Every structure is written in C-alpha cells, then in structure tokens.
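**Q** Model the full structure from these sequences, guided by the hints.
Residue numbers are given in my numbering: position 242 of the sequence shown equals residue 242, and the series is strictly consecutive.
Simulated from the structure, these hints should not be mistaken for laboratory data. Treat the hints with care, as some may be off.
Quick list of the computed label-pair ranges, beta carbon to beta carbon [as the list claims (entries may be wrong)]:
#: 1; residue 1: Gln-135; residue 2: Cys-308; range: 57 to 63 Å
#: 2; residue 1: Asp-18; residue 2: Pro-218; range: 30 to 36 Å
#: 3; residue 1: Gln-37; residue 2: Met-191; range: 24 to 30 Å
#: 4; residue 1: Lys-65; residue 2: Lys-181; range: 37 to 43 Å
#: 5; residue 1: Lys-65; residue 2: Gly-148; range: 46 to 52 Å
#: 6; residue 1: Ser-23; residue 2: Ala-255; range: 45 to 51 Å
#: 7; residue 1: Asp-18; residue 2: Ala-245; range: 42 to 48 Å
Okay, derived cross-link-like pairs now, DMTMM-like style, lysine to aspartate or glutamate, Cα gap no bigger than 25 Å in a straight line [unchecked claim]:
#: 8; residue 1: Lys-181; residue 2: Asp-142
#: 9; residue 1: Lys-65; residue 2: Asp-230
#: 10; residue 1: Lys-181; residue 2: Asp-270
#: 11; residue 1: Lys-181; residue 2: Glu-88
#: 12; residue 1: Lys-181; residue 2: Asp-152
#: 13; residue 1: Lys-146; residue 2: Glu-88
#: 14; residue 1: Lys-257; residue 2: Asp-241
#: 15; residue 1: Lys-98; residue 2: Asp-152
#: 16; residue 1: Lys-254; residue 2: Asp-124
#: 17; residue 1: Lys-77; residue 2: Glu-88
#: 18; residue 1: Lys-265; residue 2: Glu-217
#: 19; residue 1: Lys-77; residue 2: Asp-230
#: 20; residue 1: Lys-302; residue 2: Glu-63
#: 21; residue 1: Lys-257; residue 2: Glu-217
#: 22; residue 1: Lys-128; residue 2: Glu-217
#: 23; residue 1: Lys-128; residue 2: Asp-241
#: 24; residue 1: Lys-269; residue 2: Asp-127
#: 25; residue 1: Lys-234; residue 2: Glu-88
#: 26; residue 1: Lys-128; residue 2: Glu-139
#: 27; residue 1: Lys-77; residue 2: Glu-239
#: 28; residue 1: Lys-146; residue 2: Asp-270
#: 29; residue 1: Lys-118; residue 2: Asp-230
#: 30; residue 1: Lys-269; residue 2: Asp-83
#: 31; residue 1: Lys-98; residue 2: Glu-27
#: 32; residue 1: Lys-254; residue 2: Glu-217
#: 33; residue 1: Lys-197; residue 2: Glu-88
#: 34; residue 1: Lys-128; residue 2: Glu-239
#: 35; residue 1: Lys-118; residue 2: Asp-241
#: 36; residue 1: Lys-149; residue 2: Asp-83
#: 37; residue 1: Lys-257; residue 2: Asp-124
#: 38; residue 1: Lys-65; residue 2: Asp-110
#: 39; residue 1: Lys-149; residue 2: Asp-178
#: 40; residue 1: Lys-234; residue 2: Asp-83
Computed from a predicted model, the values in this text were never measured in an experiment. Every residue gets a Cβ at the ideal spot worked out from N, C-alpha and C, and that includes glycine.
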Amino acid sequence: MTVKRNPQYWDQPRPYLDTLKFSIIPETNSRIATVVQGGATMMAGYPYQFGSNATAPGIATHEIKIPGLYRAYFNQKSGIFTDRRAREAFYEAINPSKLMQAYTQVAGYDIPTNYFTKSSPFYDPADKLPTYNPQHAQELFDALAKDGKPFDMKITTYSNSDLKRLGSYLQQVLGAYDNVKVSLQLVDQAMLSPTCKGQMNFDLCVDGGVLVANGAEPIISNLLSTGGNDNWGKYQSAEMDGYLAEANATMDPKAVKAAYDKVQKLVVKDLPLYIFGAETRFLLLRNNTGGIVPSNGGILQKQYLYVCKDACTKK
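**A** Structure representation (structure tokens):
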C-alpha cells in the first residue's frame with residue numbers, strides 16, 4: 001500500500017514525507033535482509049531477531065520503550081481448555097524460560113508472573129500464575145482423561161521461522177506427557193486473526209510479537225473483558241468485567257490499584273490466557289531516518305518522519 005502526503009494536513013509543514021509505502025513480508029529473515037540491503041526503511045521487531053544485522057553499515061536500532069506481553073489464547077468456547085484444569089496443566093507442563101529460549105534463541109528472559117510486569121505500578125508479586133510443575137501437570141492430564149476429557153489440542157499460529165520453532169517446541173514437550181495429543185496448524189500471517197478470532201479454529205492460538213500497553217487501558221479491557229476486541233479466546237467473566245469497570249470508574253490512584261489487584265487475583269484463578277514472556281519492541285531502520293515518535297500504543301506517528309542526507313538516527 002502506498003499513501004501520499006495530505007497537503008491540507010492541519011499541522012503544517014507536517015507530514016514531512018511525500019509518500020509512504022507499506023510492504024508485507026511475512027518471513028522475519030526476509031524482512032531484515034530487505035532493510036539491511038536498502039530495499040526498505042524500517043521494520044518492527046526484537047533484538048533477538050536482528051543479530052549482527054543491528055550493526056550493519058547504514059543500520060541503526062530504536063527501542064519503543066513500552067512493555068508488552070508474549071501471550072497465547074485459550075479457546076474457552078469449545079475444546080479441552082473450557083476446563084480450567086487443562087489451562088493449569090498447560091501452564092505447569094511448560095518451562096516458560098526454555099520456551100522463550102526456543103522461541104528467541106536467547107537465554108535469560110524474565111518471565112512475567114501475572115498480567116502486570118515488574119515495571120508497572122500495578123504489579124503485585126503476591127498474585128502468581130502457575131509455574132513449571134511437570135509432576136502435577138501429569139496428574140491433571142490423567143485426571144482429565146479419567147473424566148473422559150483427554151488432553152487433545154490444536155496449536156494454531158502463523159508460519160514464520162520464530163513461531164514455527166515455538167509451535168514445534170510446544171508440540172515436542174507436551175507430546176512427552178501421557179494422555180496428551182498435540183497437533184500444530186500453521187497459517188499465513190494474514191489468516192491468523194480470521195482463523196482464531198473469527199472462526200475459533202484453535203485450542204491454543206499464538207500471535208507473534210508482544211501486545212504493548214503504555215498503562216493498563218485500553219489494552220487490558222480489550223483483552224480480558226467480555227466481548228473485548230483482543231479477547232480471541234472468548235473468555236467471559238461478569239466478575240472480571242466488574243473489576244475492570246471499577247478501575248475505569250475512578251481517578252483515585254489507590255482505588256485504581258485496588259481494582260487491578262482484584263483483576264490480577266482473578267487472572268490467577270481463571271487463567272484466561274497463556275502469558276509466557278515480556279519485552280519491548282524495537283525498530284531496525286536505515287540510520288538516515290529521523291522523527292521517530294511513537295504513540296502511547298507504540299505505533300509510529302507518521303507525520304513526524306523525515307529523511308536526513310546523512311546518518312541522523314542518533315541526533
């Protein structure tokens with residue numbers, strides 16, 4: 001898609017660029033190569049993807065300092081994850097540190113213990129998601145099978161190299177347990193939302209990258225409220241809806257934090273989604289790119305972008 005400058009834009013002389021072209025390149029390594037070779041100006045990604053390309057001639061990186069979560073969605077309309085025990089077993093069957101290492105090929109990630117990470121004013125260390133406990137996970141798998149609910153699940157994600165590694169790792173680790181059967185469905189990136197959000201054709205749906213949020217709202221309500229736009233798993237809880245509304249009904253910081261304390265406790269109780277990592281997003285870009293101004297949601301405000309004659313990213 002190519003867009004042209006609006007000569008009637010209210011904040012003249014912005015936008016500075018005459019045209020912007022957006023290209024979709026699903027494979028991560030191909031996107032990186034396109035930027036490094038000068039075929040594109042920038043891409044969004046993460047340092048683990050960039051490697052030595054981050055210091056290639058004419059290349060710079062820029063951090064979007066807004067925390068985000070790596071997450072996957074449990075289908076809570078149909079299938080095995082309608083049973084809370086299955087969601088708990090999934091958490092306990094997977095070592096999230098090793099999962100992140102398989103995904104990123106980098107060790108040492110700090111694994112979130114709840115929706116709010118340590119950098120958030122709403123973080124509460126007392127409310128912790130289930131941790132790696134393979135013995136108890138097997139007990140839960142056995143109990144589900146005994147109740148006529150064998151753990152038979154389909155992982156759905158899109159087909160780039162990073163997510164293929166993640167999906168294959170999940171399939172391999174879960175397949176080592178008794179009474180567990182796992183299949184992996186890879187779709188084109190553009191088809192992930194229609195397949196998961198639209199058709200609910202998944203048991204666990206893994207979206208790539210992190211869901212960024214500068215503060216709690218509107219992301220947390222979109223993710224956890226009934227009918228929320230990012231609530232792909234169709235989690236429904238009148239109790240959760242009430243706590244989110246309570247947090248949004250006041251400007252008193254103590255009252256807001258108290259409401260989000262209740263949200264975090266309910267996240268631990270209900271396990272509405274799978275949280276397995278946290279990170280900030282980065283840009284890999286040509287170093288003659290200036291005017292990098294993100295919105296509160298981490299999206300670049302295109303009206304500020306400009307091109308320098310020489311390297312200007314550090315200025």
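**Q** Confirm or reject each hint.
**A** Tested hints:
For the pair Gln-135 and Cys-308, the supplied restraint of 57 to 63 Å holds, since their beta-carbon distance comes to about 58 Å. Judged by the Cβ atoms, the range 30 to 36 Å given for Asp-18 and Pro-218 holds: they are separated by roughly 33 Å. With their beta carbons about 28 Å apart, Gln-37 and Met-191 fall inside the hinted range of 24 to 30 Å. Restraint check, Lys-65 to Lys-181: a C-beta distance of roughly 42 Å satisfies the suggested window 37 to 43 Å.
The hint said 46 to 52 Å for the Cβ distance between Lys-65 and Gly-148, and at roughly 49 Å that hint holds. Restraint check, Ser-23 to Ala-255: a C-beta distance of roughly 46 Å satisfies the suggested window 45 to 51 Å. Look at Asp-18 against Ala-245: about 45 Å separates their beta carbons, and that is inside 42 to 48 Å. Taken as a hint, the Lys-181 and Asp-142 pair is honoured in the structure, with Cα atoms around 13 Å apart against an allowance of 25 Å.
This hinted pair checks out: Lys-65 and Asp-230 have alpha carbons roughly 22 Å apart, not beyond 25 Å. Using a Cα cut-off of 25 Å, the hinted pair Lys-181 and Asp-270 holds, with the two alpha carbons roughly 23 Å apart. Under the criterion of a C-alpha separation no larger than 25 Å, the hint pairing Lys-181 with Glu-88 is consistent with the structure, at around 16 Å. Taking the CA atoms of Lys-181 and Asp-152, the gap is about 5 Å. The hint holds against a cut of 25 Å.
As the CA atoms of Lys-146 and Glu-88 are separated by approximately 17 Å, the hinted pair is consistent with the 25 Å bound. About 16 Å separates the Cα atoms of Lys-257 and Asp-241, which keeps this hinted pair within 25 Å; it holds. Taking the CA atoms of Lys-98 and Asp-152, the gap is near 23 Å; set against the 25 Å cutoff, the hint holds. For the given pair, Lys-254 sits about 13 Å from Asp-124 by alpha-carbon distance, which is consistent with the 25 Å threshold.
Pair hint Lys-77 plus Glu-88 holds up; C-alpha atoms about 17 Å apart against a cutoff of 25 Å. Straight-line distance between C-alpha atoms of Lys-265 and Glu-217 comes to about 18 Å, which keeps the hinted pair within the 25 Å bound. The suggested pairing of Lys-77 with Asp-230 holds, with an alpha-carbon distance near 15 Å, which does not exceed 25 Å. At roughly 16 Å between alpha-carbon atoms, Lys-302 and Glu-63 fall within 25 Å of each other, so this suggested pair holds.
Proximity of Lys-257 to Glu-217 is assessed by CA-CA distance (about 13 Å); at most 25 Å being required, the pair is judged to hold. Proposed proximity of Lys-128 and Glu-217 is supported: the alpha carbons are some 21 Å apart, at most 25 Å. Annotation: proposed proximity of Lys-128 to Asp-241 holds, straight-line Cα distance about 20 Å (limit 25 Å). Taking the CA atoms of Lys-269 and Asp-127, the gap is about 10 Å. The hint holds against a cut of 25 Å.
Restraint check: the Cα-Cα separation between Lys-234 and Glu-88 comes to about 18 Å, which is no more than 25 Å; the hinted pair holds. Restraint check: the Cα-Cα separation between Lys-128 and Glu-139 comes to about 21 Å, which is no more than 25 Å; the hinted pair holds. Only pairs whose Cα atoms come within 25 Å are accepted, and Lys-77 paired with Glu-239 is accepted, the gap being roughly 18 Å. Note on Lys-146 and Asp-270: the hinted pairing holds, with a Cα-Cα distance of about 22 Å set against a maximum of 25 Å.
Using a Cα cut-off of 25 Å, the hinted pair Lys-118 and Asp-230 holds, with the two alpha carbons roughly 23 Å apart. Simply put, Lys-269 and Asp-83 have alpha-carbon atoms about 13 Å apart, close enough for the 25 Å limit, and the pair holds. About 23 Å separates the Cα atoms of Lys-98 and Glu-27, which keeps this hinted pair within 25 Å; it holds. Of the pairs offered as hints, the one joining Lys-254 and Glu-217 holds, with about 16 Å between alpha carbons and a cut-off of 25 Å not exceeded.
Using a Cα cut-off of 25 Å, the hinted pair Lys-197 and Glu-88 holds, with the two alpha carbons roughly 22 Å apart. Of the pairs offered as hints, the one joining Lys-128 and Glu-239 holds, with about 19 Å between alpha carbons and a cut-off of 25 Å not exceeded. For the suggested pair Lys-118 and Asp-241, the alpha carbons sit about 24 Å apart, so the restraint of at most 25 Å is met. A distance of roughly 9 Å separates the Cα atoms of Lys-149 and Asp-83; the hinted pair therefore holds under the 25 Å criterion.
Our distance criterion of 25 Å between C-alpha atoms is met by Lys-257 and Asp-124, whose separation comes to about 10 Å. Distance hint between Lys-65 and Asp-110 is fulfilled; the C-alpha atoms sit about 16 Å from each other, no more than 25 Å. Straight-line distance between C-alpha atoms of Lys-149 and Asp-178 comes to about 13 Å, which keeps the hinted pair within the 25 Å bound. For the proposed pair Lys-234 and Asp-83, the alpha carbon gap of about 14 Å is at most 25 Å, so the pair holds.
When each numbered hint is compared with the structure, no violation occurs for any of them.
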